[in-house]
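Colleague: The whole structure should be built from the sequences, with the hints applied where relevant.
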Amino acid sequence: MNVETEKRGVAVQETGSTDLRGGLIGDGSPLDEPSARGSGRGRRSTAAGRPGARGRRRSGNRAPFGFVPLAVLGIVFLALPVVGMILRAPWRELPADLTDPGVLTALRLSLVCSVSAVVVSCLIGVPLAWLLARVSFPGRTVARALVVLPMVLPPVVGGVALLLAFGRNGLAGQWLDRAFGITLPFTTTGAVMAETFVAMPFLVVTVEAGLRSLGQRYEDAASTLGAGRWSTFRRVTLPLIAPSLGAGAALCWARALGEFGATITFAGNMPGRTQTMPLAVYVALQNNVGGAIALSLVLLVVSLTLLIALRGHWFGSR
Amino acid sequence: MSLRAEIGLRMGELGLEARLSAESGEVVGLLGPNAAGKTTLLRALAGLTPLDRGRVVLDGELLEDAAAGTRVPPDRRRIGIVFQDYRLFPHLSALDNVAFGLRARGMSRRESRDRAVEWLTRFGLADQAHVRPRALSGGQAQRVGLARALVIEPRLLLLDEPLAALDAGARVELRRELRRHLSTFAGTCLLVTHDPLEAMTLAEQLVVLEDGRLTQSGTPDQVRAHPRSRYVAELVGLNLFRGTATDGVVVLANGSELVLADHDVGSPEVFAVIHPRAVALYRARPEGSPRNVWPGTAEGLEVLGDRVRVRIEGPVPLVAEVTPAAVAALRLDDGGPVWASVKATEVVAYPA
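Top line first, the protein sequences correspond to chains A and B. Its first residue numbered 501, the first sequence is counted upward by one per residue in our numbering. Its first residue numbered 9, the second sequence is counted upward by one per residue in our numbering.
Among the hints, a few may not be true.
[Unchecked claim] Only some residues are given here: those of chain B computed to face chain A with a beta carbon under 10 Å: (1) Thr78; (2) Pro81; (3) Pro162.
Simulated from the structure, these hints should not be mistaken for laboratory data. These numbers come from a predicted model, not from an experiment. Even for Gly, the Cβ is constructed at its ideal location relative to N, Cα and C.
Modeller: Here is the structure:
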């Protein structure tokens, strides 16, 4: 039978590649896609096509019924808003819109607040991440839950909570007010606090994951070589978690930049003081749509840039 | 630079209780099966794992006393460790890795680099000074690890299976180099290994750790001649038995008897060893001078060059070493019943 197949030149079946004795040829696992190399008995299967005959091999995965149209719907749903923004943007008026003093103020304020939020997040978040990753202290589970909480809490609820803690009559706020005369709500500092509250968890979680995956091996080695705790952190740990720290800081910054609910609730909506870009967009939609779109485009570009910069972190084959 | 340590600690499932001492310039080999607690012991000496009980005194300085609650942190112990997985800092060049310990102690960058270059040259790695660890071969990386530990002039050098991760060729080379450097090392050295060859060739004293307890200590020759546990006996390739000796006969737990040539071993509880070479095999019960004749079944063969080791199961389980010709003549690869005989003069007994 083999000889006849050979004579026919090109082999036979489409479904699987069984040789005549009922076994499966291919490199071993019956789940292998049929191999064009055959098993040395002279048979060739074309179920997948001979490599080179068509350039690239098709993956051969067939989607369950209905998946493809649903997936296409999903992509369209996600793409349409972005496309719409780009198509409907008033490109000619853009330079004027972008240099409008109100717009510039919001931009500058957003930059100042978000960068400050990142700095504070790093200063507080890195030690916190280190403790969570390295020290097993009583209440660690609770601490970790608190860190993750702002990531799932509705931002406006976060703003309310901040008011109850730091407002004029808040838990800590009343002490600050009475002892130092410090008011936090409806100030730029308040805006920074609101942004830090929602964005710091991203940094902490990323850095903690980085520290855990690094493990303590190098820190142990450094300590036996004579490096004290600070020295070890500075010369060994920090350089080795720099990628995680960078990714965490970038995510933190993106989140801080885009925060709306907590900022408007705790810091209010005062132009030049607490009206960050997302708040300005919301307000501008009422009477200055061009400005709103301009600001939105800026935020879109920032987001896309971050996405591209962090693509290894999100989707990379690490 | 002498070391006196009493270590008691619990690490998960393992309870480690060991007493260790070593003199200046001495290389002590710590042998043991996996999960015996060797690495835990090393970490305790280095200060990376706190003791539950005991104390560690190095060169007269109290490094740790569990009862008093005092503990010198690892960075102040002046101990060097070489790890099995090298642990070179990936973000630093070979040179900066070696210089790390010196820099950490406050030496200037220039001077620490000079010293590092000196040590790298001693290991023949001057050309690799500016190479990152990921570009080094296993043997090169471990040399850098060794240089990094030695450059700080530690009082105690701890080597945690330093050759285990290397391929056979690199291992032989590095063993030789290690021997050379250890002979000129002034401090005390503790070498953890599960390789008997490494232990025998590098160490002057051997200590065997099994299941968190020390089962034996002595010179390599002593340990080789008088194993005191199944693990060591297998390591050195001897048949080991334990029983009570009366009048030149050792009675094993299952009632079998080993006849000795010595009538006075010195204690009623004894170990007895028989070298596999001393075991003769027959298909029929032999009549002759050997006093020790036992029945058994040939269960497995292991070919080692021009010798074959045959595992005999029975009342006196043995490993016999015979020639391939003997295996063929007796058809030992078919298994089946055999008789084993050992001359009394070949049975060595010593107090347990």
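Colleague: Each hint: holds or not?
Modeller: Consistency of the hints with the structure:
Residue-level restraint check for Thr78 (chain B) is violated (minimum Cβ-Cβ distance to chain A is 18 Å; threshold 10 Å). Taking 10 Å as the C-beta cut-off, the interface hint given for Pro81 (chain B) holds, the closest approach to chain A being about 7 Å. For the restraint placing Pro162 (chain B) at the interface with chain A, the shortest Cβ-Cβ distance is roughly 9 Å, inside the 10 Å limit, so the hint holds.
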